[in-house]
Amino acid sequence: MAASPTTSVPRQVTRHVVLVVFVLLMIYPLLWMVVSSFKPSNLILSQTGLFPSEITLENYADGWDALGSPFSLFLGNSLLIGVGSVLGNLFSCSLTAYALARLNFRMGKVYLALTLMTIMLPFHVLVIPQYILFADLGWINTYIPLLLPKFLATDAVFIFLMVQFIRSLPRELDQAAMIDGAGPFRIFWSVILPLMQPALITTTIFTFIWTWNDYFGPLLYLTRTELYTVPVALKSLVDTETQSGIGTMFAMSLLSLVPIVLFFIFAQRYIIKGIATTGIK
1 MAASPTTSVP
11 RQVTRHVVLV
21 VFVLLMIYPL
31 LWMVVSSFKP
41 SNLILSQTGL
51 FPSEITLENY
61 ADGWDALGSP
71 FSLFLGNSLL
81 IGVGSVLGNL
91 FSCSLTAYAL
101 ARLNFRMGKV
111 YLALTLMTIM
121 LPFHVLVIPQ
131 YILFADLGWI
141 NTYIPLLLPK
151 FLATDAVFIF
161 LMVQFIRSLP
171 RELDQAAMID
181 GAGPFRIFWS
191 VILPLMQPAL
201 ITTTIFTFIW
211 TWNDYFGPLL
221 YLTRTELYTV
231 PVALKSLVDT
241 ETQSGIGTMF
251 AMSLLSLVPI
261 VLFFIFAQRY
271 IIKGIATTGI
281 K
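Numbering (the UniProt record's numbering), first residue to last: 1 to 281.
No more than 20 angstroms apart at the CA atoms, straight line, and that leaves these computed lysine to aspartate or glutamate pairs for DMTMM-like: (1) Lys235 to Asp214; (2) Lys235 to Asp65; (3) Lys235 to Asp62.
These are computed hints drawn from the structure, not numbers from a lab.
Let the hints inform the model, and build the full structure from the sequences given.
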């Protein structure tokens, strides 16, 4: 027996109230950090509510140059590495995925299986040999160790995503292009790549977010302050500031969240569309 409209309304109201309560609980730490960034440092731990008795902008002014360089330098460094990583993954992963999904060559399935197996390989297993290699090449304190692997198709997750998407495209498109005299690269560039937009957008979004939030890689290869990315700069800020500077750390943390939050808000509809059209269930 279907519920009447009069009985369904209270259920919907109750459901929405419960959801709102859960949302408030989830975002409370973020709200507290935002409010605390505008409090004097001596009031942050003594007044833990969301309504401060005093508001100041000193935390932002002090934190901007706390490490001897403007915080915009670290934002620019993270942006540079993020954009470079996106370009590297789009270039290398799309070519690799096309070869594994469309080209017939010896042991192609084996190469695909080995590629997918690297997803289960812990990153920390490769840290020491990679560091020794990059140190011998003299690339420590450069961005090369952070960017070069992206141009060598090391992110198997995105390769798998693109392989699944390419396999969903009809092979008749390739055959029609071959009749017109197109070779494998021309087919990829003119036929496959334009149709891969959802997979490419998904790769762009996740690569940028993961790179922006990466702490271990930059900490390992970058020791000069002017090369720091945002996560490493924030950690250095915590090390250099005492408890009286906790407001400074909150202020800079909030600034570091603004680009990634705006990027996610702009790209969230592409995330859903990209995952839904790449065969991942």
